[in-house]
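Modelling step: build the complete structure from the supplied sequences, incorporating the hints.
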Amino acid sequence: GAGVSQSPSNKVTEKGKDVELRCDPISGHTALYWYRQSLGQGLEFLIYFQGNSAPDKSGLPSDRFSAERTGGSVSTLTIQRTQQEDSAVYLCASSPRLADTQYFGPGTRLTVL
Amino acid sequence: EDQVTQSPEALRLQEGESSSLNCSYTVSGLRGLFWYRQDPGKGPEFLFTLYSAGEEKEKERLKATLTKKESFLHITAPKPEDSATYLCAVQGSSNTGKLIFGQGTTLQVKP
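Protein chains in written order, with our numbering: chain A, 2 to 114; chain B, 13 to 123.
These are computed hints drawn from the structure, not numbers from a lab.
Each hint should be verified, as a subset may be incorrect.
[Claimed, not checked] Restricting the straight-line Cα-Cα distance to at most 25 Å, the calculated cross-link-like pairs of lysine to any residue (SDA-like) are: (1) B/Lys81 to A/Glu45; (2) B/Lys54 to B/Lys81; (3) A/Lys16 to A/Leu61; (4) B/Lys54 to A/Thr77; (5) B/Lys54 to A/Thr112; (6) B/Lys81 to A/Gly43; (7) B/Lys69 to A/Pro97; (8) B/Lys75 to A/Gly43; (9) A/Lys12 to B/Lys54; (10) A/Lys58 to B/Arg43; (11) B/Lys54 to A/Val13; (12) A/Lys18 to A/Thr71; (13) B/Lys54 to A/Gly4; (14) B/Lys91 to B/Glu70; (15) A/Lys16 to A/Pro97; (16) B/Lys54 to A/Ser8; (17) B/Lys91 to B/Arg49; (18) B/Lys91 to A/Pro107; (19) B/Lys81 to B/Gly66; (20) B/Lys91 to B/Phe58; (21) B/Lys54 to A/Ser39; (22) A/Lys12 to B/Asp51; (23) B/Lys54 to A/Ser96; (24) B/Lys54 to A/Phe66; (25) B/Lys91 to B/Thr118; (26) B/Lys54 to A/Ile27; (27) B/Lys54 to A/Arg98.
[As the list claims (entries may be wrong)] Below, a sample of chain A positions facing chain B; criterion: calculated Cβ distance under 10 Å: (28) Gly4; (29) Cys93; (30) Ala94; (31) Asp101; (32) Thr102; (33) Phe105.
Owing to the predicted nature of the structure, the values given are computational and were not obtained by experimental measurement.
For glycine and all other residues, C-beta sits at the position ideal for the given N, C-alpha and C.
Laid out in structure tokens, this is it:
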């Protein structure tokens, strides 16, 4: 079956611009997660959704980051006023239920010039 | 604080030369330990989940084991296509589903 998909695969933007990253989870998966992978930093947890609800937003690096999920499916991670330190690969994962095995998408590589 | 440390950072093997990757962890209430494989430019690919000390799982040339403080990924007679970065992650008892990842071990298998 179809796996997790993310778009765009690559995004180059200028410092100060806003960007939106999209994640389509595996059909039927109720839980969705966002991670960030920076060079030499490993994978860093950002936020999770149970259905459309994000109970804990404390993993988001700053208030420039926000995320939403609609219809229990697609999720969007928005970064406002991008900074060079936001450059990273943003990975999305989904699982059948919260705390089940997570399956990752291919990621979006964000480059902020 | 939950923490995962993987060693070595990099490992070079000749084809057929077996070895093990280590994942040491500290976590409050382990719900699961996960192994992923990541190829360059791709997302992590799920390999195994281990839930309790003494558990073992196998897939082709890979075997994962778990103790109360660490996990090992044993690679038997590796092939060049096993070259990748192997990531270990733990999930604690916070019930958020949050995974704490190690830095990974980059494996290169030469023919």
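Taking 25 Å as the top limit, are the C-alpha atoms of B/Lys81 and B/Gly66 close enough?
-> Within the cut-off at roughly 11 Å; holds.
Does the alpha-carbon distance linking B/Lys91 and A/Pro107 stay inside the 25 Å limit?
-> Holds, at about 24 Å.
Should the interface hint for A/Thr102 be scored as holding, given a Cβ-Cβ cut-off of 10 Å against chain B?
-> holds, 5 Å
Hint consistency between B/Lys54 and A/Thr112 [alpha-carbon to alpha-carbon, up to 25 Å] = Holds - the C-alpha atoms of A/Thr112 and B/Lys54 are around 16 Å apart, at most 25 Å.
Are B/Lys54 and A/Gly4 close enough, with their CA atoms no more than 25 Å apart?
-> Since the Cα atoms of B/Lys54 and A/Gly4 sit roughly 13 Å apart, the hinted pair holds (cutoff 25 Å).
Interface hint outcome for A/Ala94 [beta carbon to chain B under 10 Å] = Since chain B brings a Cβ to about 8 Å from A/Ala94, closer than 10 Å, the hint holds.
Taking 25 Å as the top limit, are the C-alpha atoms of B/Lys54 and A/Thr77 close enough?
-> Status holds; Cα separation ~20 Å.
Does the structure keep B/Lys54 and A/Ser8 at a Cα separation of 25 Å or less?
-> OK: B/Lys54 and A/Ser8 at ~13 Å, within 25 Å.
B/Lys54 paired with A/Ser96 [C-alpha distance capped at 25 Å] | holds, 18 Å
Given the hinted pair A/Lys12 and B/Asp51, is their alpha-carbon gap at most 25 Å?
-> OK: A/Lys12 and B/Asp51 at ~20 Å, within 25 Å.
For the hint on A/Phe105, just tell me whether its beta-carbon gets within less than 10 Å of chain B.
-> Hint on A/Phe105: holds, closest Cβ of chain B at ~4 Å, below 10 Å.
Given the hinted pair B/Lys91 and B/Arg49, is their alpha-carbon gap at most 25 Å?
-> holds, 15 Å
Hint compliance for this structure: hints 2, 15 are broken, all remaining hints hold.
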